[in-house]
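Visitor: Below, each chain spelled out in residue letters.
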Amino acid sequence: MNDPRNHDAVSSDLAGYALDALEEDARRLVEEHLTECDDCTSELAQLMEGAGNLAFAVPSVTPPDYLLDRLRAALEGETARMPSESTAPVTEEGIIGRPGARPADGGLAPAPAGPVPILPIRNPWYASPRLAWAVSTGIAAAFVGVVALAAVFNTRLNDRIDTLSAQVAAQDRDVATMSASVSVIEQKAEVTQTDLQRVSVLQEAADTLEQQVNDLRWLQYVTSTGDWLTPSFFSGGLQPQAPQGILVTHSSGDRALLMVNGLAPAPEGSVYQVWLTYEGREVAGKTFTVDRYGYAVIDLDLIGDATEYIGASVTVEPTGGSDTPSDYVVLIGTSP
Amino acid sequence: MNYTEFTDEALLAQIVDADRLALECLYQRYSTRVFSLSYRMLSDQGASEEVTQDVFLNVWRRAASYKSGRGKFTTWLFGIAHHRTIDELRKRTRGRRHSIENVDDFLNLESSDIQPADAAVANSEYATVRKALLDLPEAQRAVIEMSYFGGFTQAEISEKLDQPLGTVKTRMRLGLKKLRAALASKLRSTEQ
Chain A
-10 MNDPRNHDAV SSDLAGYALD ALEEDARRLV EEHLTECDDC TSELAQLMEG
40 AGNLAFAVPS VTPPDYLLDR LRAALEGETA RMPSESTAPV TEEGIIGRPG
90 ARPADGGLAP APAGPVPILP IRNPWYASPR LAWAVSTGIA AAFVGVVALA
140 AVFNTRLNDR IDTLSAQVAA QDRDVATMSA SVSVIEQKAE VTQTDLQRVS
190 VLQEAADTLE QQVNDLRWLQ YVTSTGDWLT PSFFSGGLQP QAPQGILVTH
240 SSGDRALLMV NGLAPAPEGS VYQVWLTYEG REVAGKTFTV DRYGYAVIDL
290 DLIGDATEYI GASVTVEPTG GSDTPSDYVV LIGTSP
Chain B
10 MNYTEFTDEA LLAQIVDADR LALECLYQRY STRVFSLSYR MLSDQGASEE
60 VTQDVFLNVW RRAASYKSGR GKFTTWLFGI AHHRTIDELR KRTRGRRHSI
110 ENVDDFLNLE SSDIQPADAA VANSEYATVR KALLDLPEAQ RAVIEMSYFG
160 GFTQAEISEK LDQPLGTVKT RMRLGLKKLR AALASKLRST EQ
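From first to last, the protein sequence lines stand for chains A and B. Mapping of the first sequence onto the working numbering: position 17 corresponds to residue 6, and the numbering continues sequentially without gaps. Mapping of the second sequence onto the working numbering: position 16 corresponds to residue 25, and the numbering continues sequentially without gaps.
Derived from the structure by calculation, the hints contain no laboratory data. Here the structure is a predicted model, which means the values were calculated and not measured. We put the beta carbon where it would ideally sit given N, CA and C, even for glycine. One thing to keep in mind: the hints can contain errors.
[Stated by the list, open to error] On the chain B side, residues computed to face chain A include the following (Cβ under 10 Å):
1) W85
2) I166
3) G175
4) K187
[Unchecked claim] Over 12 Å on every C-beta distance to chain B, these chain A residues come out as not near it, computed from the model:
5) H(-4)
6) E25
7) V237
8) E268
9) E271
10) V272
11) A273
12) A285
13) V286
14) L291
15) G310
16) D312
17) T313
Kindly produce the complete structure, drawing on both the sequences and the hints.
Guide: Have a look at this one:
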């Protein structure tokens, strides 16, 4: 039977469990409780996911090559030990038998002879090799739906420009009010379950509003500067939260404005750099960094005949910029 | 069989079937991340090698216990890695509690450590998570960093920060939830 008092006590320890921050006794209590409480199991899964992300918060250090050989040797040892092994390994979920699909005698399938192939890591989108501009029309096609929205987008924005300022101001005030409420609750010596829920709701609402404020500011900026031509849409990938950008060219033909959002801060020692693409060549543009929301607006000088401009991209480059683009493209797009 | 196209979960299913090449593929994908975490927490290459090897041996032994419904593979893997590293850290510091005023001691970027081939990817992930951490309220970030990277228990953090234990627990919980929300679908692991 699940004791509700035990539930409350354990529930408040779940984050500590996820962070390996409990004393042994408390840890054991949590593990016992998890066997009978689906709510806590479910919440722990969410907290563990938050904690798991922290493994990425340290700089990358490659292990020595010989470590893989040592692992192979250790696996050989496992192979030799397993048939006579009588005690099954212990997991967080208790004692388990050897994985059922293994041979009945507990032995291991023989490894193929010959060298083990080096298996490349599947790269995320931002690490993929630089895409040739000849291929970029394919990307443009992938975003044809977005580009088709451009005309509607502009018309609606022009109609709404007068209301944007008021909305931004109102939402700014709401964000400030919510942030203040959160701070007040966090200053309390003891926080109740109700307080906790209230803080979560307020913080979530404030985050959403902050994002809306920035979207509105961005759109307001685009539509208030006048004489800008139909924008080109840029994307860093197909995922819903991938970075996005809009590049607009000025009617004078010698300026362009690139606005980006959703970009993580450039890695230490690096900056983002814009590349403008003309027929058969790419011209280095300005370097830039982004604010805490991943936003930046970059004013660019176009060269020559603006009609030759066919697209642009953004790459990660060493601080100071480069003469030729690196392989790490974070945004790419073509002129409509 | 071309393992490069396999998801983590599919590789794990192969491991349950005692497929060593599948384990090596997971090793290729994640050993750097596991080693990096351990190395930064322990500052000891030899111990970090031991931890990394143990982690993948654990994956081999415990593959069948992974339940995809309870979370992503990487959450499970990094949970094993962190727990093993914390054990080692506490063993070393027992009786002479380490003093960590600033977790940036653990997080300082040393460019010489970074291998060029994967540097941009690793740095992007690093930057993404660091940004999410920096976006947390300072009080929440402090307790998370002290526990996760410093190995302090929540009782020790309460004492060190002179804050009620309940407050420390609440901050940990809120901070982890915000981190999860901020990083959903932004890291490599979510693309597998």
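Visitor: May I ask which of the numbered hints given earlier this structure violates, with the numbers listed in increasing order?
Guide: none
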